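Engineer: Below, each chain spelled out in residue letters.
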Amino acid sequence: MIKDQEYLKSKASYCLDLAKKLGVTDASVTVGNSISETVSFRNKVLDESNRSDSLAVSIDTYLGKKKSSISSSNLLEENLKILIEKCFETTKITPEDEFNSLPDKELLAKNVKDLNLYDQSHIENEKKIDYLKELEEIASIDNKIINTESGFTENKSNFILANSDGFCNGYKSSSFTASCVAVAKDDNSMERDYEFTSKCHLNDISNPLELGKIAAEQTIKKLSPKKIGSDKLSIIFDKRISKGFLSSFAGAISASSIARGTSFLKDKLNQQIFSNSINVIDKPDLIKGMGSKCFDSEGVKTDTLKLVSNGILNNYLVDTYNGKKLNLKSNGRCGGSTNLYFENGNIDFDNLLKSHSKILYVTETIGHGANLVTGDYSVGATGFLVEDGKFKYPVNEITIAGNFKEMFKNITLANDLEFKYSVNSPTMMIDGMTVAGK
Amino acid sequence: MSNFFDKSDLTRKDVDEIVSDTLKNCDDGELYFEDSKSESIVLDDNKIKSSNYSSDLGFGFRAISDEVVAYSHSNEISKDSLKNSAKSLQSTLKSIKGIYNHEIPKTNNKFYDDINPIEQKTLDAKLEVLNKVNDYLRKKDSTVKQVTASFSGEKKSIEIIRSGGEALTDVRPLIRFNVSVMLEKNGRKETGVYGIGGRQSYDDYLKNDNWKNVCEEALRIASVNLDSKPAPAGEMKVVLGPGWPAILIHEAIGHGLEGDFNRKKTSAFHDLMGQKVASEGVTIVDDGTIDKRRGSLTIDDEGTPTERTVLIENGILKNFMQDRLNARLMNTKSTGSGRRESYKHIVLPRMRNTMMLSGKQTQDEMIKSVDKGIFAVSFGGGQVDITSGKFVFNCTEAYEINNGKIGSPIKGATLIGDGPSILKEVSMVGNDMMMDPGIGTCGKAGQGVPVGVAQPSILIDKMTVGGTKL
Chain A
1 MIKDQEYLKS KASYCLDLAK KLGVTDASVT VGNSISETVS FRNKVLDESN RSDSLAVSID
61 TYLGKKKSSI SSSNLLEENL KILIEKCFET TKITPEDEFN SLPDKELLAK NVKDLNLYDQ
121 SHIENEKKID YLKELEEIAS IDNKIINTES GFTENKSNFI LANSDGFCNG YKSSSFTASC
181 VAVAKDDNSM ERDYEFTSKC HLNDISNPLE LGKIAAEQTI KKLSPKKIGS DKLSIIFDKR
241 ISKGFLSSFA GAISASSIAR GTSFLKDKLN QQIFSNSINV IDKPDLIKGM GSKCFDSEGV
301 KTDTLKLVSN GILNNYLVDT YNGKKLNLKS NGRCGGSTNL YFENGNIDFD NLLKSHSKIL
361 YVTETIGHGA NLVTGDYSVG ATGFLVEDGK FKYPVNEITI AGNFKEMFKN ITLANDLEFK
421 YSVNSPTMMI DGMTVAGK
Chain B
439 MSNFFDKSDL TRKDVDEIVS DTLKNCDDGE LYFEDSKSES IVLDDNKIKS SNYSSDLGFG
499 FRAISDEVVA YSHSNEISKD SLKNSAKSLQ STLKSIKGIY NHEIPKTNNK FYDDINPIEQ
559 KTLDAKLEVL NKVNDYLRKK DSTVKQVTAS FSGEKKSIEI IRSGGEALTD VRPLIRFNVS
619 VMLEKNGRKE TGVYGIGGRQ SYDDYLKNDN WKNVCEEALR IASVNLDSKP APAGEMKVVL
679 GPGWPAILIH EAIGHGLEGD FNRKKTSAFH DLMGQKVASE GVTIVDDGTI DKRRGSLTID
739 DEGTPTERTV LIENGILKNF MQDRLNARLM NTKSTGSGRR ESYKHIVLPR MRNTMMLSGK
799 QTQDEMIKSV DKGIFAVSFG GGQVDITSGK FVFNCTEAYE INNGKIGSPI KGATLIGDGP
859 SILKEVSMVG NDMMMDPGIG TCGKAGQGVP VGVAQPSILI DKMTVGGTKL
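For the protein sequence lines, the chains are A and B, in the order given. Okay, so the first sequence: first residue is 1 according to the numbering used here, each after it adds one. Okay, so the second sequence: first residue is 439 according to the numbering used here, each after it adds one.
The shape of chain A in the complex, shown without the other chains (with noise of 0.2 Å):
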């Protein structure tokens, strides 16, 4: 059973108490509990089982601007005084920083919306296995798939955030995740490709055959691709794709690349940086959210921000310690944005496809090249070459490449967004990028 917030409450306050004894100015303590069961399949049977049950406290201790923190598993009494006092005595020979303090008391969240994350179902393993032999059956049905894997895991977490200027809050959540990658395999090649559900209510989450199913295809589709010449090429990619621009761009705009001035956005606030139909939302108190928050991980409370509107940047994600930098009130997205999506486009995926007579439509990115202290990007891709709106063929071994300063401004987005993830985004077309293959 996961532990209850008096537990972790009672800890919370043994290690502000202890800190404060010590002689700390403030202190800030988090605990969480989490424990998560994994059952995978392989080919139709059992391959593996993995419970895991975590336990873990964080604590930042200041005297005056010093600051230091100290994280442990070890929530015995004794192992955290030995860790409070090296953390208070860090902290005495840590130099001073302006910047260091709590949050500003009056930001701090006061009424704690209940948001629906929390299911208390629990699936027992045998259920977990009969949904993936469900799944796997329909996914291995064409001869083409060669290996199917499977897992599905359980999730259920809980933590108290507190700190000495009296704030003590936290709640529970749960997520349930089913995927499926299968293998398919023809004379030419060999290719994988995946599908997967996670939702915090087990009644959310896709059904086998459906997921399944859908793995099967997408993986079957991917058999004998081709390399395709260098050219400049319209790119549509694919909603699992398109997302990643919008976690690009929140990293961009987090307040501690801005204050550190390494993001292209810097200086960007109130200037258009996407074409001006371009709309995007952080939104943290959507009901069963993947990504929703009742505060930050400072304990700042979280209200929708509306980061572009008609293209225009109207906010950083700010926390406490870089918003000071910046002289901005923290907006409560220490940790990152919440659930993060871009607003619907006006034209439906079948008119995108044939709004140029060749198009190339990513379903797959692989490296880390985006660099967003200049903005540069470069990734191996892999999908389909479309020509007058029909799928041609698939394609892979090319990449392909632009700078987001220009590909924001070249964004056209589809009508079709759903709330699968925590960051969201419609199919998403972009103009004018450089695809190098033969």
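I should point out that these hints are in silico values taken from the structure, not numbers from a laboratory. All figures in this text were calculated on a predicted structure; none of them were measured in a lab. Note that beta-carbon positions come from the ideal geometry of N, C-alpha and C, so glycine has one too. Wrong hints could be hidden among the right ones.
Unchecked claim - Distance windows between CB atoms, simulated:
hint	chain 1	residue 1	chain 2	residue 2	range
1	A	Thr177	B	Asn648	15 to 25 Å
2	A	Lys113	B	Asn539	50 to 60 Å
3	B	Asn441	A	Lys113	40 to 50 Å
4	B	Lys650	A	Tyr7	47 to 57 Å
5	B	Asn484	A	Asn111	33 to 43 Å
6	A	Asp303	B	Ser580	33 to 43 Å
7	A	Asp303	B	Asn484	28 to 38 Å
8	A	Glu137	B	Asn869	55 to 65 Å
Following the hints, complete the assembly by docking chain B onto the known chain A.
Structural biologist: Using the frame of chain A, we list chain B on its own:
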């Protein structure tokens, strides 16, 4: 030796009994204890930004029957907790009738000392070095706009308890010192990153003011990039410099030769054993036994002593890298490649220090032979799709080559290739093999482990360069 349960209600006898009882009908398995102490001290934006200390103690209990692995881990060290884990394993492996494999090779070798690098240098002394780095770089060049410097250190003690009470232990120090610098000139920003590290004390790496060399290298890479022009796009010849660019070997070949993907036949290499997969003259080994290197281990995370495994010899595929599970199922022996990030993770076959050995040619000869191509010296990271064999890696310092001469620096770009065929495109192997500076971390199935790479300069006849200039 570390006493993992002396503060709990467990005795060694209890532990041995629970382990032996749980694993008696299994084919393999063990109880793994881990006690890790780690620190990270970061200077950023002219200030000591963070100073973190972390202490983690826990166990992972594994039972294997045929192909099925049951795993349970916890950071609560107590009789109840261990019994709960045992129960969880037994519930997965219901009707089993295996014969426990007691065989595990022994070793007297040790590739690093039992030290705690964190305690071997005072916090004050570490802060002093970080401040010196910051001052040195900012004074040295007025285009320096941001400096980040960090120390990270770890002491990880492990004990593996097998059925029948056999216990194997290891104490593993690991450090890394890193400098990142951002320059800004005429509105253009570029970064340069360099680091050093391995399984010794901080001071072993920092003697003779070696931190200055790390600063210079980071600064040099950033300066080169300030003058870089757009990279070309398309297929061309590529000369790779020695050392760290061997992440090409790691991505293109290494992952595809890990036992699990080959047992499952999902690797592009699974049916190529004994066949020619590389040009003549190409020999690649994975070596866990190099003294004090980042990827070295005295024993792996299953207790098997590490070794020098020949993967490709003179172009022919010779061996896969194996942990105990995959070795048993493929009817071979573990190569001491069973690794895990921590007690929270299952064991997988992983790389250690992956190296392409020296050949006879010089880097000069390679450059001179290229009419149009690129010369790549420094890299960020890479990634591979094991099944299709396609891999990428990102250049962070590269130059164009025109008519046998090195030309202007080019912007960072991704290079993409096909693992099973790329080594057949290697037409020259240099005589200048070099190890990387000790900074690599390899990710697989969500687990990061420290690794090393090495190679001489090589000439690849055809690779796709992912620039923007057609």
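Engineer: If a hint holds in the structure, say so; if it doesn't, say that too.
Structural biologist: Structure-based check of each hint:
1. A/Thr177 with B/Asn648: 15 to 25 Å: Given range 15 to 25 Å: violated, Cβ gap about 46 Å.
2. A/Lys113 with B/Asn539: 50 to 60 Å: Cβ of A/Lys113 to Cβ of B/Asn539: about 55 Å, so the range 50 to 60 Å holds.
3. B/Asn441 with A/Lys113: 40 to 50 Å: 47 Å, holds
4. B/Lys650 with A/Tyr7: 47 to 57 Å: Cβ of B/Lys650 to Cβ of A/Tyr7: about 51 Å, so the range 47 to 57 Å holds.
5. B/Asn484 with A/Asn111: 33 to 43 Å: 39 Å, holds
6. A/Asp303 with B/Ser580: 33 to 43 Å: Given a distance of about 41 Å, which is inside 33 to 43 Å, the answer is holds.
7. A/Asp303 with B/Asn484: 28 to 38 Å: 32 Å, holds
8. A/Glu137 with B/Asn869: 55 to 65 Å: 56 Å, holds
Consistency with the previously given hints fails for number 1 only.
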